[in-house]
Every structure is written in structure tokens, then in C-alpha cells.
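Visitor: Residue numbers (UniProt numbering), protein chains in the order written: chain A, 1 to 434; chain B, 1 to 434; chain C, 1 to 434; chain D, 1 to 434.
For the record, the hints were derived by calculation from the structure and aren't laboratory data.
Among the hints, a few may not be true.
Heads up, the list lumps identical chains together, so a pair's fine if it works in one copy or across two of them.
Straight-line alpha carbon distances no greater than 30 Å define the calculated DSS-like cross-link-like pairs of lysine-lysine that follow [said to hold, decoys possible]:
1. K170 with K133
2. K366 with K248
3. K128 with K69
4. K253 with K19
5. K253 with K133
6. K128 with K170
7. K248 with K316
8. K19 with K128
9. K432 with K197
10. K332 with K133
11. K130 with K19
There are 4 protein chains.
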Amino acid sequence: MSVEKTNQVSAELTHPLIKWRRELHQIAEIGWCEYQTTYYLYEQLKDTSFKLYTGEDVVAKEARMGLPKQEVDDLYLNRAKKAGVPEAFLTKLKGGFTGMVAELDTKREGPHFAFRFDIDALPIKEEKGKEHKPASEGFVSKHGEAMHACGHDGHAAIGLGLAHFLDEYKDHLNGRYTIIFQPAEEGSRGAKAVVEKGWLDDVDIFLSGHIGIHDLSVGTVAATTTDILATTKMDVTFDGVSSHAGLKPHEGKNALLAAAACTLELNGITRHGEGATRINVGKIVAGAGRNIVGDHAFMEMETRGSTTEINRYMVKEAIRKIEATALSYDVKQTTDIVGEGISAHSDQEWIEVVKQVSQGSRFVNKVLDEATIGASEDVAYMIERVQQKGGSASFFLYGTPLANGHHHKAFDFDEGVLPAAVNLLMNIIVEKGC
Amino acid sequence: MSVEKTNQVSAELTHPLIKWRRELHQIAEIGWCEYQTTYYLYEQLKDTSFKLYTGEDVVAKEARMGLPKQEVDDLYLNRAKKAGVPEAFLTKLKGGFTGMVAELDTKREGPHFAFRFDIDALPIKEEKGKEHKPASEGFVSKHGEAMHACGHDGHAAIGLGLAHFLDEYKDHLNGRYTIIFQPAEEGSRGAKAVVEKGWLDDVDIFLSGHIGIHDLSVGTVAATTTDILATTKMDVTFDGVSSHAGLKPHEGKNALLAAAACTLELNGITRHGEGATRINVGKIVAGAGRNIVGDHAFMEMETRGSTTEINRYMVKEAIRKIEATALSYDVKQTTDIVGEGISAHSDQEWIEVVKQVSQGSRFVNKVLDEATIGASEDVAYMIERVQQKGGSASFFLYGTPLANGHHHKAFDFDEGVLPAAVNLLMNIIVEKGC
Amino acid sequence: MSVEKTNQVSAELTHPLIKWRRELHQIAEIGWCEYQTTYYLYEQLKDTSFKLYTGEDVVAKEARMGLPKQEVDDLYLNRAKKAGVPEAFLTKLKGGFTGMVAELDTKREGPHFAFRFDIDALPIKEEKGKEHKPASEGFVSKHGEAMHACGHDGHAAIGLGLAHFLDEYKDHLNGRYTIIFQPAEEGSRGAKAVVEKGWLDDVDIFLSGHIGIHDLSVGTVAATTTDILATTKMDVTFDGVSSHAGLKPHEGKNALLAAAACTLELNGITRHGEGATRINVGKIVAGAGRNIVGDHAFMEMETRGSTTEINRYMVKEAIRKIEATALSYDVKQTTDIVGEGISAHSDQEWIEVVKQVSQGSRFVNKVLDEATIGASEDVAYMIERVQQKGGSASFFLYGTPLANGHHHKAFDFDEGVLPAAVNLLMNIIVEKGC
Amino acid sequence: MSVEKTNQVSAELTHPLIKWRRELHQIAEIGWCEYQTTYYLYEQLKDTSFKLYTGEDVVAKEARMGLPKQEVDDLYLNRAKKAGVPEAFLTKLKGGFTGMVAELDTKREGPHFAFRFDIDALPIKEEKGKEHKPASEGFVSKHGEAMHACGHDGHAAIGLGLAHFLDEYKDHLNGRYTIIFQPAEEGSRGAKAVVEKGWLDDVDIFLSGHIGIHDLSVGTVAATTTDILATTKMDVTFDGVSSHAGLKPHEGKNALLAAAACTLELNGITRHGEGATRINVGKIVAGAGRNIVGDHAFMEMETRGSTTEINRYMVKEAIRKIEATALSYDVKQTTDIVGEGISAHSDQEWIEVVKQVSQGSRFVNKVLDEATIGASEDVAYMIERVQQKGGSASFFLYGTPLANGHHHKAFDFDEGVLPAAVNLLMNIIVEKGC
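Just chain A, with the same shape it has in the complex (with noise of 0.2 Å):
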């Protein structure tokens, strides 16, 4: 196939990418809870000749990490309902079960292509000002409480526009192909159970990708990444004694107090000599009411490090200083790991490659040939699972403006974005898969 057809086809992708993309915005779900999300996008395949794995066949259920209390579960799994998701559809999903594969096979001898495609939003409350595009054109969240805001509704319409492309030309293609839609990224709890359920195991050629991260125009893509940070997420809760904030504030334990310290100290871990740290906690819910000591804490946190160990050394320190924290206000605490990523690296020999098939491109016209993520991404597990099994992986970034960045409340992508990355895909299936 010549590249003036991949870039016919693209062209004529454009419309439907934007589409899928505007609609899978507007039922965003956050990670283990992409009910209506993967309704969406079983629809919009059901009728190719991809044969579609959903529920148990997708993750190994013991490796799901950092699932979603039972409210929260319910929440999401009866607006589905409501929403028109067949029962029985939802029965293979629920408790958690979510995400979707797509394979194809054209029984002719080639590679085994697999492509990854995170679809899970975040838990933010989208901005609804006219500034903000999605809300301008009204295809802003219909869930006030989570919402788009890092590109993955622009990843799984990605993921459709190569799904339809493959449906469409599997008789001038070999090899094998699988698309995974991958529930949970956000939090590094989803991509360990698709790994584990064994769908990287054969995989002679993956890859995957993310949108925006740098400010990049349109057009530009990285051929390979660096620094995918380790990073280990974590809940921990104080557990003390409330009592009379005004008769007997000595006779209380302060877990209110323990987490606000437990904060500080977590932020204020020292800087790693050798390499990128972070920290964050993210979300602290704490105290029952103005008067009284806070009896109880819960805060949502995460460390990150640009290797596994650097991770580990941050790892090490939190513990600690929770800890120590507990010790120092006389409460209990607990602290539950609910989401791992390691680091990972693409393999070199795609910067050769991407340049080479995006020459006379109309959607792809710059390759650089690395950019780094400085964040955490679990594809690493996928990338380093095909790479132990002797295949070739690479993640790519796909340049789009940006309205704000990734985890704003008004995060935003130029769509022209979405047929550059599903160009550059094509291609390279062209050049190696026909």
C-alpha cells in the first residue's frame, strides 16, 4: 500500500476519529469503572471481522490493582445500566472487569503486532467555561465528577481508527494483530493484569503511545521515549480519638493533625543525587467536624523515581516517615500499595523506522527521535514483558498543543492529533505487516 493511500485514508479517518473521540469524552469513567466506555467501544466493533474479549478474558483478576471502593463500583455500574448498557453485557464486566481486546487474524504468515490503548479517565470536575472547547461544543464530561483530562478518550478513538483501518484492508495484510484496550492506566493499576493474563506473551512487535506531554505541534511524533518513572501509589489512613476540641483536647489523638504532618513530611523527602523524584498526595479526607479532634485520616499518595530504585529509595523513605508520623501524633496507620510501575525503555532501532515510513506523510512530517515522559506510564510492564519475550516495543509521543496541561481542569488537545498517530501506525504496519 502506497503511502498517498495510508494518507487517502487517514484523510477520510479524520471525521470519525473526532467523532469517537467527542463521545467517549462525554462518558468518561475512571479506572475499573469504564462500563459505558467499553460498551462504547465493543459497538463500535462488534460488526468487523476482530474477534472482542471483555471481562475475565482481558485481566488476570488476582493482578488488578487498586480497585475502586464498593459505592464507587456501584455509582458507575448503575448509571451504565441506566444508560441503555445491556444487562447481560454488563454481567461479564462488573466488579471491575473492564477493558477490552481486539484480535485479528489474516492466517497469513507475519509478526504478531499488538497495540495498546489506555481508556480510562480521571477523577476531576471538568472545567465549564466557554473557554474550555469541550464545553464550548458541548461535548463536555456527562459525569460531573470525572472527566478526560489525559487525552485517553483521544487514545481509544486512536484505537477505533486503527481497528477500522485493519478491518478494512485484512486482505493485503499478514500477521497477526491485537489491540488491547487497557482499563485503569491512571494510578499504574491496570496495564500488570493485561500482562499477566499472557496477551504480551508472543508479541514480535508493540506499541503504543500518549498524546501532548510536551508542546509539540501537530505532525510531530517521537519515535522512542525515556524516562517512564517507577512509581509505587499508596493509601494510608491514621486511625486516633476524637474527643472535645475545646474540654479535653489532651485526651485526644489527632489523626487530622498526623495527616496534615504526614503531608509536609512526605513532601519534604530529600532529593535523590542520581536521578528524578516525585511526590504527591493527591487527596486527603480527614476530621468529622470543627469542634471535635479528628479521630480519622485518609490520604491518597504516590511516589515516583526515574529508575525502579530510585522508586524504591523514595518508597523507603515514605514508609518511614508515616510512620514516624503515627508515632508522633500516638495514632495507628495503615498503608496499602495499590498501584506499581516500573521504568522501561523503547527499543532503538524505531527511530529508524518511524522516519523512514512517515517520508511523504501529509500527517506525519517531523520525527524526532526521542522525547522524554518524566512521568509514570504503566505500558513499561507490556513493553518490558515483550521485550523479556524477545519481541521489539516503542512509545511514541504524538505532538499536540495543548489548552492546559495533562490533569488540569481545562486540558484540551488539537484533534488534527488523532489521524497523525493512526497515519503513523498504518504505515508501519505497511511497511512491516505486508
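For this one, chain A is given, so just place chains B, C and D on it according to the hints.
Guide: Below, chains B, C and D without anything else, positioned relative to chain A:
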């Protein structure tokens, strides 16, 4: 009426007092949301000769402080509807016009007595374990998030007992009797609104009191109390900018960190050399998720001081520290005063009165001249108003052992205190109003 | 002796009292280093009929608390030598055996009086500006690092004035008179060692007092005082590991950060609902240089409580927080108790005595029944011992306006308080010992 | 000159290099106080054909940053006098004009080489235990409060070795040779003042280097280095109001608490997503005594960033936090910038040069293309100036195992690095200057 008679009446009231207290305990409602509670009190007194006032007759609308959020008000209002409180009754109360005043005029010359009983509960989840008597004896709070952990269920029951005595023996009494069932004492939010409505303006004798506080035996009462702490209740918010905690932590403006730091700064306000101070941040809700720099934080806090001036010192320090934290974390802050209480002093004459009228009582067998409160009580506004208008006032302490301190989730008291309190009030009425 | 006579003697003593005070002010020396001060007192009394005790006769060696470092002791000792204090005199005192006891026995039947005057200064650099009277009138401290900022120069002068009166009028008096010039009151370090030496064991009447504290006029005295705070003085060290702050910050164990965090943790110890508490970290020396992770930190701190039990609460909280900080920063800590003080109460009989003996005084024209101290005073050990042995004791307050509060670098008082204090003591002696 | 010859010369220099290093180690002096050190260097070179510059000839007076306090300067100056440094020599240097430049002009056509060796020590008390080689072999620092804990004694010795080589073989060489013995590298205070004096303005080849940093073997060198961190050094003071910590704590304005809080706030400055940052408060001196609210605090601190821009972010955050802390504690602050360093990059050509000239060397047996520094080095100012003027520059790393990390009190290195470093510089000179 003889002391033998009041002893007998008190004994007869013991069973109803316990029944009222336990039924009130089960329908615990937080301040300005006492819809079921007010209806319960109304039901107990509607067939007496008391004239009952509810809704806007009880409180001055604008003087109410610290009203709950709409959604909380809705929750309690709907719950009251479901529990069978008539719509017509609720119509008068809705929007936080809870509480009731019961008035009895003998039309005979005599003093105007006023009594105040506070009726609100706290936002505490009650202990369910079997060592907690309300749990083991089946009268634990039905509303998971509210609990009578300060004894106001007992106070309201005492008020009902007193009312029934007055109703039954009204022909033997002189003067006027006003019983105030005050909403929203917790947080020092309700008394001022009752005062502003004028209920205390022509009162000759004002009596109120609290059960517990100190570890005294049932039968011991303190005739006067000191050290009611002046207090200010504040809601604080911090607003910053969210960002991806791994990718662009430096682009965030971290409101969650500001709240944690502010809490510790507030807690560290220097003690005052001339009297007691208190500071409590009793609630923090901050941030959205672990990998997002938190852009919003909410705190409920309070200051106290043994004099109004010392409390003013605390407020001044607190506000400066809130502003400084906002500067440090480059976030915006708002500080709203949602409750305020002053200091007040019992009139000394009550020491002799209480001692004298308790002679021969089987219920009050030990009278302390005074006891310290060491907490805030918005009854101080009522005492101040009565004294300003030339009346005399005291705030009693009714002894009872406590299973756990006030505001503890397993707070409980010896119900023997209920007839003791009613007995004291009866004996004073017999002395002064016969 | 008539009140006219004591008025006259007091007037005559005014000039010498001011002279003594100013000369003592100039040679301010910190606790256990009062070498010049002791010699100065000795010189003033050596030609009287008092028997003078110095060195190990004054204090029980092992009961002395909080001795200074060798180098500080050397500094003051050498300075005393240079200032002309004879070697023979210093030989008895060196190693921190400062202070003096002056004893006068009339050999006539009568009560055994003991009076205590504290003589030490504080490690404060005195204000040099012209608004500060000691500076403008030329009697500012010669020792840059020590200053009489608590009025002990005045106390010692009052003691000298009293001694001169007793010496001159001894033939008119009965009983025995012991005047204790106590070292090291600041930090509650010296009184216990005097008590342990036995000086208070057979005392009938013990009187001491303090100038200032409250903003009272000269001529006003409080006959009894309350609220002497129990206290514990501690030295804390943290020891970690230094490292290059740019290159290997993560290899350091940061003792400086531990000290900073510990200071805030200590400052935030929850207030006690039943009485006053205090906490102060008054000195921190930590770290070596800006680009080195600090491996050592030293802190001087103290706790106080309105009762010995409440102070014990503070000490317990403090020690747990020090241990927790060491855990948090992975450093070692040591905590040494270097001073301790208890609570004490004046005997009530002194209210009447002071009122009575002050009638007709030109120097004491207003007597308050009581005043609060709100600080610590190791005189409490002396009061306790005297009372235990059957004697009677009071601690007076001598009114004087203050230019600035106690321990301020521009602290100063109205010297009119000096003859007023001597006058009161004289009149009591005349009443009880004639 | 052949590599055999430079091998031989290097071997002959080994003993003198060790002797120089150990003698310099014993007279460790902190920045701008290197009086004995400068004289020592002068003595070693005064009989060579180098022209020696000292005093104001070396540094631009106003460009010197972070001069020590007068009393510290006096201490080192007097010590130098007592150690026998001639008055005439010291007269030129006093007031912080330390360091020396040695110049040799062959008068033959050829490049102008400049070499820089830093000569200052750190304010660290050296380890005295027998595991510390300088202690066990008797060359521990004589000045208790200063120590060569960063290897500048080795640097200066290498400079002397290089100078002796140049002097001996000057007839075989072409061009000009400037050897800069730079004062006050620690704290990034000295290099800029040398640059401002013009010493780097017409240099063709500029070479400097550091021993240690990474754990490399003797004989390994890195031909270029990256990641010299930009840095800003600041002194911060807080001034409040003292008061009696028991009596009137609320009247104090606590500068000591401000310093503690500020230290933690600074330590918690959010990490930057785009590069390395560092923050260190390395010294705190605050307060006067335990029972006094501290009215003064002094802090030495520094920020660093992997780029000048990232360091600027740290400085901006730091200054805002210092101001906010002053507001929070109601105290005054001053912030003085006392040192500053920029980033710089080695020229890439040196990778090939070093590899080539080291062939056949018995001292340099492994060449790394590059190594990271990860710390600040004010040599960056020199590199920048040379490159701006068209010259070429590199900063080498000379491998040596370290007993303990840089700035540790038991820092030590393998002296085998000394002839290796001289050997490399010799071979480059032979290559470029023959």
C-alpha cells in the same frame, strides 16, 4: 409544694425521661437540620397548655450562623418526610428554621422564667460495639453520620420533663415560663438568632445547664459555672491550579499542601500568657486523586479563648497565618466566619439558692459552688442579654459519669442525671414561682 | 519600731539601693557563673555582723542542674579574675559554686526568718539605644552576651538593703535571719541545690518575691501569688550524617531538618484542657555550612504546666515527638533534663499580715490579695520545703511599670520599687521579729 | 616529548604530590581565608620561572561574593601570622584577597593555556578516628573547624605538580601557561571574581577538573562533564521580638520558630518536572536561651537547578516562601545572595583529544566520554568566558575511590589520582603545546 412532692414527681418522671432521651438519641440530627427532632418535641407538647412556636418565630433569620450546605439540608429534610413528619409542619421549618419555643403564662403575678435546652447532634459516626450501651440496648442513632455525642438528647428530654411538670402543676404556680429548645448549639451558631428574635428580652430568671463535662456523680450539681470560652468558627478554602504530579509538578499550585501546612501553622499558634486558648482544625477535604496536584482544599476550624479578647488574639493570629500560607503556596484563600460565641458569667446568688432548694432532695445531694466549663457554649449570648436587661442567670452543671468524653463516638452518660436535673429546676420554680 | 521609722530608713536606703542595682546590672552573669556578682555581694556585707557562706556551703553539689559548658565557665571565671576578684575567693567558687548565704542570729528568742533573692542574669544582648535607660545613663551590661533582663539585679539590691537594715537594727530585733542570694534561678536550676543543702529546714517564715511581672504601679504589692508553673528544661541533640548537598543529598541524614521539624512538632503539642501549658524551643544551633547536609543539631527547650501533672503531660508528649522526629529523619537523638521546677502556693495568712503592716507606709500604698505569676520560679522548691517542715511562706509581687517585658533586650523597671520592697520586708520583720 | 617521558615524569612527581597534598590538608582554610594556603603555594613556586600574582591582582574586588565575617577573617589572618607567614605577604592578601595566579610565557608562538585549581576547604570538623587515614597517618587538619573534605588539597597539589613540570620543561614548550589557584570555590563565590579580573579573556585552551565525584578507579578519567548545576547561595535572617516564654509568650514574635518553619517550607519546594533541583538549609543559629522567645535567627541556604532557568524557579519559590514565613510569624526578614553559579558545558572535541593523548599512558588507562557532575562548580563562569571569547574548554573528572562522600567528615581519596591527573594534563600540553 413540698420537697417530698418534687421528689415524688421526679421519680415518676424517670421512666418517661429515659424514653424521650432514647427516642431522641435515635433521630440525632445536626444543627439547623433538627426537623424530626423538632417534630418529636412538638408531638410531646402539643396536647399541653403550652403555646408552641416554630419556624421563623423562633429565630431571627439573618442572625443564624453556619447554615449547612443545600445538599445536607435536603438530606435531612427528605429523611424527615420519609419518617412521616407532615409536609405542613416541615413547610414552616424548611431552610433551617428548626427549634421550638414553648410558652406558658399562669396569668398570675410572678417572675418570668426562661429555660434553654439545646437539641442538636454532631457529625460523628456512632460506635456500634456492644460495650456502647446505646448499641447494646438498641437505641443507637439511625442516621449513620450524626450522633448525640454531647448529651443534647438528655438536655431536650430534661426540657420535656420540665414542661410536663409545669403543665401538670400550673395551677400551683405564678409568673410566666418560656422553654427554649434551641437549634445548632454545636459550632455556636443558634443562640444568637434566638436572642435576636427577642425571646430573652424580658426574662427575670434564666437557667440552663449541661450534663457531664466533669467526672461528677449523679446527684452532684454545680450552682454556677465559669470559663465558658469565647470562640470563633471559620471555614477556610484554598484554591490553586491542578497539574500532572509526575509530568509537571512545578506547574501546579498546590492547595492541598497549603491546607496541610496551614493546619500545622494554626495548631502552632503561640499560647497566650494570660488565659486559656484552643485551636482545632476539625475537618479537611482536599485534592482529587493521587496523581494530580490538588487544586482545592476545604477546612473547618475554630479558635477559643478564656476571654473574648484572648479569642480575638487567636483569630488575628489565625487569619494572618492563613494569609501567609496562601502566599507561601501561591494559592488563593477565603476565610468565612460561620459561628461565634462570647464569654459569660453566672450570677453568684444562685450558689445559695441551689444549696437551699436542694435540701431534702433525694435527687440532688451535693452542691458545688462552681465548676469550670473550659469549652464554648452559645448560651453565653442568652445569659448576657438577660443580665443586660436586669435579669439573673446561671448555667448549671449536672453531674454524671461518662462512658467516654464529649464528642467521642462512644460517648454515653448515666441516665440518672435526667430526673436529678428536672428535680433541681422544679425545686427552684417551687421556691421562686409559687 | 514605728512605721515612721521604717519609712525614714527606707528613704535613706533609696540611693544605695539604686547604686547597688546599677553596679550589679553592669556585671550581669549567667547562672552558675555569678563570680563577680557573688564577690560584689560579699564585699557589701563583709563588714557587717552577718556570717557569710560561699562555695560548697551554699549548694549541694550533686543537686545543681544545668551547669554551663566548661568553656563558658572559663570565660566568666577569667573575666572575674581580670576584674580583680581575688584568686582565694574564686578558688572556693570555681566550677559553678556561686551564690551566698548571709546569716544573722540575734541570740534572742524569736522566729527564724529566711529571705531569698536570686542573682543571675540571662544570655541576652542588651539594647544599646538611647531610649534604653541603662544605656543612656551609663550602666548597661559590660558583658555583651549577658543581661539582667528579669530584674534579678533589683532583687539582689533589695537583699543588700534588707541586710543593711538588719545589721543596723539588730539590737532591736529577735530571732534569726537567713538571707539567701541564690544562683541560677533562670532555667530552674539553683533553688533545689540550696534546699538540698538544708538551708530551709528549720525556717519559720520564708519570704521571697519578684518585681514586675504585671503592669502595676510602684507602691502596689501582691501579698500572695498563684500559678507558679511547673517546668522541665531539656537539651536535645540530633546526630545524622553529612553529605554534599548537591551531589549526594540522599546519602545524608539531615539532623538540621530534624531539629526544624522537631521544633514545629513540639510547638504544636496539643493544649491541655485542664490548665495552662507552655512550650518553648529557645535556641537552635545546627549544621556546618550551606552546601553540606547538616549532621548535628542542638536545641535548648522547656515545657511548663500549671500543675506538676500537666507539665508531666507536656514532657511526655515532647519526648515522644523528639523520638518520632529522629525516626522520621533517620537520625539519633539525645534528650537531657537540665532543670526542673514544681508548683507552689503562698500561705493565705500573708494577705492579712501584709495589709496590716503596710498601714501608714509611705512606700506600700496598695495591697492586692493575690496575683498570678504564670511563669516558673524555682523558689517553689523552697516554699515546699518550708511548708513541709511546718513553716509559713509567701512569694510577693512588687509593682513597677516595665519599659519592656521580662526577657526583652530593653527590659527595665522603675527603681522606686526597690525601697518599696525593702520597706515591706522591714515592716513584716518589725511586726513579727520585734 | 614521548609518552614514556611523561610516564617517567609523572612517576617522579608522585612523592612530591602526596607531600604537597598532605601539607595542604593540614592547613585547611575556608574560602577567602586561604592565607596560609596561598603562602604555601607561593613558597613552592617562588623559585621557578613563573611570575606570581597575589592580592588584588588575582580577583576583582567587588565581584567577590560571600565574604566571611570580620571575626572569622581575623581568626584565620592571626593564625597565619602565628604560623609564620610574613606580615608583608599578608598585607597584600588581608581582607579576603587570597588565591594566586602563576604565569609562564615561553615567548614562542603557541596556544594560551589556562588551568584552574581550587584551594579552599570546608567548615567541617574532621574525623579523628583511626579508620580515617589523615588521622592515622598524622596529617589531619590542624584547624579544628575547617577540613579539606572536597579534595581541593588534591587539586592544589596537582596544580603545583603541573607547574613544576612546566618550569622544568619550558624550553621544550610553546605558547603561554596560566595556572589559577582559585579561592572560595565552595559556595560558588570565587570564580566570578577571577573572571572579572580578566584572566580568562584571551585563553585558547581552558582545562580544569575534579577528583572523585563518582566511584571510579584511579586511572579512569572522564573527558567531558555535564550537569554542572546552576546555584544560588543565600543568607537569611529573621528578626522578631523576645519575651519571657512562660509569662508572656504571646508578646513575643518568634524568629526561631520562623526559621524552623521556613526550613521545612524551603525543603518542600515542589520538584521541577523538567530537570534536577536541590535545596539545602545547611546552617541555622537561632535564639538566645531556652526560656526566652527567640528574637533572631540566621540561616545559610542554597538552591540548585540543572539549568539556570530551573535554578531561577527554585530561587523564586524560595524567596516567596521566606516572605510568607515572615508574614506567618510576624517577623522581619532579610535575604542576601552571597554566591551564584551558572551551568556550563565542556567542548566535545576533548573526548577525542583525551583518548588520543592517553594512549600509552601508564597513569590514565580508561577514558569515559562524559560523566555527570550533579553539583555546582563555579568553574562554569570560567568555561563560559573562555567559550564566549572563542576558546575551547573542558572540565575533567579524575577517578578515585572515596572513603566517604564529598563533604563528609571522614572524606578521603586514593592519592594515586594525583599523578594520574598531572599525567593527563602533561600529555595534553605535549600534544597541543609542543
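Visitor: Pop the pair K128 and K170 into one bin, within, between, both or neither, using alpha-carbon distances up to 30 Å.
Guide: Classified as neither; 42 Å inside a copy, 63 Å across copies.
Visitor: 30 Å Cα cut-off: does K253 pair with K133 within a copy, between copies, both or neither?
Guide: Between. Shortest inter-copy distance 23 Å satisfies the 30 Å Cα cut-off; intra-copy 48 Å does not.
Visitor: Within a copy, between copies, both or neither: where do K130 and K19 come within 30 Å Cα-Cα?
Guide: within (20 Å within a copy, 58 Å between copies)
Visitor: Could you figure out if K170 and K133 sit no more than 30 Å apart (CA to CA) within one copy, between two copies, both or neither?
Guide: neither (36 Å within a copy, 72 Å between copies)
Visitor: State whether the alpha carbon distance between K19 and K128 is at most 30 Å within one copy, between copies, both, or neither.
Guide: Result: close within a single copy only, 20 Å intra versus 52 Å inter.
Visitor: From the Cα coordinates, with 30 Å as the cut-off, is the pair K248 and K316 best called within, between, both, or neither?
Guide: Between copies only: 17 Å across chains, 36 Å inside a chain, cut-off 30 Å.
Visitor: Is it within, between, both, or neither for K253 and K19, if the alpha carbons may be no more than 30 Å apart?
Guide: For K253 and K19, the Cα distance exceeds 30 Å both inside one copy (54 Å) and across copies (34 Å).
Visitor: Treating 30 Å as the Cα threshold, decide for K332 and K133: within, between, both or neither.
Guide: between (46 Å within a copy, 25 Å between copies)
Visitor: With identical chains, the pair K432 and K197 could be close in the same copy or across copies; at 30 Å between alpha carbons, which is it: within, between, both, or neither?
Guide: Within one copy only: 26 Å inside, 63 Å across.
Visitor: For the identical chains here, do K128 and K69 meet the 30 Å Cα criterion within one copy, between copies, both, or neither?
Guide: both (28 Å within a copy, 21 Å between copies)
Visitor: Could you figure out if K366 and K248 sit no more than 30 Å apart (CA to CA) within one copy, between two copies, both or neither?
Guide: between (68 Å within a copy, 24 Å between copies)
Checked against the numbered hints above, the structure violates hints 1, 4 and 6; every other hint is satisfied.
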